[in-house]
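Given the coordinates of chain P, work out where chain F should sit on it, guided by the hints.
Listed here are the chains, written in short residue letters.
Protein chains: 2
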Amino acid sequence: MYLEKINAPEDVKKLNIDEMHALAAEMRKALLFRLSKHGGHFGPNFGMVEATIAMHYVFDSPKDQIVYDVSHQSYPHKMLTGRKDAYLYEEHFDDVSGYTNPEESEHDFFNVGHTSTSISLASGLAKARDLNGETGNVIAVIGDGSLSGGEALEGLDFAGEMDTNFIIVVNDNDMSIAENHGGLYRNLKLLRDTDGKAECNLFRAMGLDYVFVKDGNDISSLIAAFRQVKDSTKPVAVHIVTQKGKGYELAEQHKEQWHWCMPFDPATGKPAGSFDGDGDYGTFTANYLQEKMAADPSVCAITSATPAVFGFTPEIRKKAGKQFVDVGIAEEQAAAMASGIAKNGGKPFWGVYSSFLQRTYDQLSQDICINKNAVTIAVFAASVFGMNDVTHLGIYDIPMISNIPNLVYLAPVTVEEYRAMLDWALDQTEHPVAIRVPVQYVSDGKAVTKDFSQLNRYEVTQQGSDVAILALGSFYSLGVAAAEKIQEKTGITPTVINPYFITGQDTELLEQLKSSHKAVITLEDGVLDGGFGEKIARFYGDSAVKTRCYGLKKEFLDRYDAQEVLRENRLTVEQIAEDVAKML
Amino acid sequence: MYLEKINAPEDVKKLNIDEMHALAAEMRKALLFRLSKHGGHFGPNFGMVEATIAMHYVFDSPKDQIVYDVSHQSYPHKMLTGRKDAYLYEEHFDDVSGYTNPEESEHDFFNVGHTSTSISLASGLAKARDLNGETGNVIAVIGDGSLSGGEALEGLDFAGEMDTNFIIVVNDNDMSIAENHGGLYRNLKLLRDTDGKAECNLFRAMGLDYVFVKDGNDISSLIAAFRQVKDSTKPVAVHIVTQKGKGYELAEQHKEQWHWCMPFDPATGKPAGSFDGDGDYGTFTANYLQEKMAADPSVCAITSATPAVFGFTPEIRKKAGKQFVDVGIAEEQAAAMASGIAKNGGKPFWGVYSSFLQRTYDQLSQDICINKNAVTIAVFAASVFGMNDVTHLGIYDIPMISNIPNLVYLAPVTVEEYRAMLDWALDQTEHPVAIRVPVQYVSDGKAVTKDFSQLNRYEVTQQGSDVAILALGSFYSLGVAAAEKIQEKTGITPTVINPYFITGQDTELLEQLKSSHKAVITLEDGVLDGGFGEKIARFYGDSAVKTRCYGLKKEFLDRYDAQEVLRENRLTVEQIAEDVAKML
Chain P
1 MYLEKINAPE
11 DVKKLNIDEM
21 HALAAEMRKA
31 LLFRLSKHGG
41 HFGPNFGMVE
51 ATIAMHYVFD
61 SPKDQIVYDV
71 SHQSYPHKML
81 TGRKDAYLYE
91 EHFDDVSGYT
101 NPEESEHDFF
111 NVGHTSTSIS
121 LASGLAKARD
131 LNGETGNVIA
141 VIGDGSLSGG
151 EALEGLDFAG
161 EMDTNFIIVV
171 NDNDMSIAEN
181 HGGLYRNLKL
191 LRDTDGKAEC
201 NLFRAMGLDY
211 VFVKDGNDIS
221 SLIAAFRQVK
231 DSTKPVAVHI
241 VTQKGKGYEL
251 AEQHKEQWHW
261 CMPFDPATGK
271 PAGSFDGDGD
281 YGTFTANYLQ
291 EKMAADPSVC
301 AITSATPAVF
311 GFTPEIRKKA
321 GKQFVDVGIA
331 EEQAAAMASG
341 IAKNGGKPFW
351 GVYSSFLQRT
361 YDQLSQDICI
371 NKNAVTIAVF
381 AASVFGMNDV
391 THLGIYDIPM
401 ISNIPNLVYL
411 APVTVEEYRA
421 MLDWALDQTE
431 HPVAIRVPVQ
441 YVSDGKAVTK
451 DFSQLNRYEV
461 TQQGSDVAIL
471 ALGSFYSLGV
481 AAAEKIQEKT
491 GITPTVINPY
501 FITGQDTELL
511 EQLKSSHKAV
521 ITLEDGVLDG
531 GFGEKIARFY
541 GDSAVKTRCY
551 GLKKEFLDRY
561 DAQEVLRENR
571 LTVEQIAEDV
581 AKML
Chain F
585 MYLEKINAPE
595 DVKKLNIDEM
605 HALAAEMRKA
615 LLFRLSKHGG
625 HFGPNFGMVE
635 ATIAMHYVFD
645 SPKDQIVYDV
655 SHQSYPHKML
665 TGRKDAYLYE
675 EHFDDVSGYT
685 NPEESEHDFF
695 NVGHTSTSIS
705 LASGLAKARD
715 LNGETGNVIA
725 VIGDGSLSGG
735 EALEGLDFAG
745 EMDTNFIIVV
755 NDNDMSIAEN
765 HGGLYRNLKL
775 LRDTDGKAEC
785 NLFRAMGLDY
795 VFVKDGNDIS
805 SLIAAFRQVK
815 DSTKPVAVHI
825 VTQKGKGYEL
835 AEQHKEQWHW
845 CMPFDPATGK
855 PAGSFDGDGD
865 YGTFTANYLQ
875 EKMAADPSVC
885 AITSATPAVF
895 GFTPEIRKKA
905 GKQFVDVGIA
915 EEQAAAMASG
925 IAKNGGKPFW
935 GVYSSFLQRT
945 YDQLSQDICI
955 NKNAVTIAVF
965 AASVFGMNDV
975 THLGIYDIPM
985 ISNIPNLVYL
995 APVTVEEYRA
1005 MLDWALDQTE
1015 HPVAIRVPVQ
1025 YVSDGKAVTK
1035 DFSQLNRYEV
1045 TQQGSDVAIL
1055 ALGSFYSLGV
1065 AAAEKIQEKT
1075 GITPTVINPY
1085 FITGQDTELL
1095 EQLKSSHKAV
1105 ITLEDGVLDG
1115 GFGEKIARFY
1125 GDSAVKTRCY
1135 GLKKEFLDRY
1145 DAQEVLRENR
1155 LTVEQIAEDV
1165 AKML
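Just so you know, the sequences run in chain order P and F. Residue numbering for the first sequence follows the numbering used here, beginning at 1 and increasing consecutively. Residue numbering for the second sequence follows the numbering used here, beginning at 585 and increasing consecutively.
Only chain P is shown next, with the shape it has when bound in the complex:
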């Protein structure tokens, strides 16, 4: 076995071509072993095995610096840079994260999990190298899917003017997570169809030299191409055509499904665990939108390359026709286009992960909110119970977006509330509306009659005294449980409030509370800094009412246990009741 003997890239350089082929097969086996038991990004890694071997054969990492975009194709790199055990042995699975990580290895330069950043980040490495009079190659590896992102395109344009060594390896597997969208993909196709010879060439138009590798899973061709560009004194794009999922038949055939996987049975491809929830917000949203679309041709569902987040399977996308738009990985385009659709009387719905919404602060503020266009944004995985990798946290969206004027940011507790909010948001034309979709599916069957057009009206769900609990969205049930525990402990019945509105205050209700409440506590499922609770603390700052805000500390968490994080932030029912008892 070769892989077991690879402790560093030097060990790759000792192999001959046949041995490298054998190594590639072993690496795929190790990938399959880990991914079938642990889950992770599948297709992109299977496609990049040969290219990674060839890069480490030709270049001298870490003096030559390789930056992987989004890290979805970095597992083979990890295997060849001293971390093979994490793919060979189950007990070492947790030695590595799913992303490049400088804390793991000197061969990794950035902790990366968002797309479209590699060229820009690597351009900085090259710039510092030159300023310091150092040498070495800087290589950015980027997938075709990531090319549509604004940061990648800015980086490509910038790179075209660099007068120095800078290599961009474009891993073209003709797929994003789902299929690619955007005009540039026709150019990539033209280049593939002409063996890179077409005169009209995006990379050359951006000012780069260009090398084409027809079979990006052929180690010899790759070695030749990388040797050709090594030590280049000009920026150059190496366009390699790879097969996503190569070596695992199901993944070769079903590319979208196998972009990423949960643990599965390698023989059948069937997921190991079964999903047994009562429902999920993605499926609910897809069903809801299909109803709406059928009734109103101006309803338009928008995704920025992650249609599955709101349940839009390939079949539903097809059925939706022109009422569905995938802009590709291009969140800025999604936000601004949604604003334009609303301006011209359409009803845009954009479903997006909390973490990726981060790419659009300016578009939310300038393109949407200054213009007060009635865009509806559903924010998914915005919770401590969302993804738990440091690059994909959903705990910052409240501070990021709720302080933008004109935006109405709503926090539903149940699927019934979510539905009512969607109804209101899509039918009104006055406000940009974002809805913070909970992660945990809750249905209480109650009809929602609330009129959301009366902005910033909270709802008292339990009238009590002495202490009021403002429990926002997905932390509402925590608030209810805490109220029970407080009653048990102190005999006092707390007032419980569902605020619904993250972006504004029910000042009338808050004023009223002053007469019969000594304390108001707030609960929110995100970081406290800049969030919901602090505004309540400000409101009561010069009054006799005491406040305490519950939520998460401002920090970057990584691969955390949610229950542990809640405990550390005094977010258990017992802890809250204990604190409140002391306050009263």
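What the hints contain is simulated information worked out from the structure, not anything from laboratory work. Treat the numbers as computed from the prediction; the structure is a model and nothing was measured. Mixed in with the good hints there might be a few duds.
Claimed, not checked - Listed below are the simulated DSS-like cross-link pairs for lysine-lysine, each with C-alpha atoms no more than 30 angstroms apart in a straight line:
(1) P/LYS319 <-> F/LYS818
(2) F/LYS876 <-> P/LYS489
(3) F/LYS647 <-> P/LYS372
(4) P/LYS518 <-> P/LYS546
(5) P/LYS234 <-> F/LYS876
Unchecked claim - Here are a few chain F residues that sit away from chain P, every Cβ distance over 10 angstroms (derived from the structure):
(6) MET585
(7) PHE617
(8) CYS845
(9) GLU899
(10) LYS902
(11) VAL1023
(12) LEU1039
(13) VAL1157
Heads up, the beta-carbon is just placed ideally off N, CA and C, and yes, glycines get one too.
Same frame as chain P, now just chain F:
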């Protein structure tokens, strides 16, 4: 005179070509009249006179919808769409803003002031038109300088796949605010040099059809080109070559200087007012950086197309050589590249307007802060005293960036503190640091000995009792004046504190204050929601200390009077003293 008779685009359609030439001359005269007395964007408007006439001659606004990028070239459009008086008569100057504005006219579709948004916004107009089964042309007008922005490039890529009428007019005057930077500008040059015939063509590579107009100041050629694309059923780029500043010799010769102007004498081009401050932070920063660069070749000054904001004139840029990088209008690239430079041991300094920093939330969070790379960011015009157009406000950066973990955001009061913060930020390697540069220049000559590496240590500058005033950055002097007034009114000497750190709390000091202070007030030069003061209110929420936060209400202000806004937010010395007297 023709212009006086133009009340709507229909009136343009009645003119023959000679009359249109005469109209163009009158429009330039009107532009010169207004701009010399009022200031505004100069060069881009002078270059777009003919194209605007031709568009309104060929297309039928507002049924055909024209969206202007950044609005710097929209004055001729305003003149031809019922707003000529604002250019002809001084008493009507204030009838219009400097930007397209739907509240002014049905011919304007968005309030736009940031660059690179027109294609994305317009693509939404086209999408809604199609969903609603309507007809009409949608036209996005974008300058070459704006093309380098991520949102524009995402839009261009998206547009290339639109299977419908969509026209992008690329106004290529071969300039951004300063000179263009990026590889794509070599392609624009190639296209200009080959009369649009080069096979390698960025627009075609993005999937668009392409039409070239060699002389974009020739009305006849423009009319012919626009007629050719009118009612196109495919997306098409019309690349027109215009002369920035055309018709005013000084502006033709000094394009960067005449991108934008203050009031000036039309005969000489000399500014009407004189600048008589003691100094300014731009010049200071340029001098400081030049010193640093001379001493350390790894110091790198970065701008995203606005080098003047930190005093980098063309001469200084030239002198700085490789230690200066203009990434073009590409803030995402600037942020991520800075992270890469820091990672490889360089010392990146990025100077950027508060309003444009908004384009980089995700890059600040993911590319810089998760990776803890020691980037130094100087944030300019971040104040109620900054720009006062709704699209350029500098009052949101505290909520936007200060809630991102790992970032150290500092607020200097004086130029001496600014210098000390720059020294620390550039020399340390532990933290990403942003510095909120005041707008009003204050120098007190005092040496700063503070050690900023001891994070989150506030400084008591006046020890008093009963009430403590935490006065942040540019509002420090307001805090000092309020303290004097409070003393005068109540006899109590307030404690005055310079917090320095926006992003963290001196909890030890805040705890100490509890023993001898009944109230703590905070002052910050920005919106309160999500800001500095609310965190103080949270800190004291469950204690006996009362708090009151001073700052601005969360809203979009437009063309405001700063003193009036301060009064409305109870931010005068008298109002603060009055409130505090009541609290005590």
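Here is what the structure says about each hint:
1. P/LYS319 <-> F/LYS818: With a Cα-Cα distance of about 23 angstroms, the restraint between P/LYS319 and F/LYS818 holds, given a limit of 30 angstroms.
2. F/LYS876 <-> P/LYS489: Violated: F/LYS876 and P/LYS489 sit about 63 angstroms apart, past 30 angstroms.
3. F/LYS647 <-> P/LYS372: 21 angstroms, holds
4. P/LYS518 <-> P/LYS546: The given pair, whose Cα atoms are some 6 angstroms apart, holds under the 30 angstroms limit.
5. P/LYS234 <-> F/LYS876: Holds. P/LYS234 to F/LYS876 sits at ~29 angstroms (cutoff 30 angstroms).
6. MET585: Its Cβ never comes within 10 angstroms of chain P, the nearest being 35 angstroms, so this holds.
7. PHE617: 29 angstroms, holds
8. CYS845: 24 angstroms, holds
9. GLU899: 21 angstroms, holds
10. LYS902: The claim holds: F/LYS902 sits with its nearest Cβ about 16 angstroms from chain P, beyond 10 angstroms.
11. VAL1023: 20 angstroms, holds
12. LEU1039: 13 angstroms, holds
13. VAL1157: It holds; F/VAL1157 is separated from chain P by about 19 angstroms at its closest Cβ, greater than 10 angstroms.
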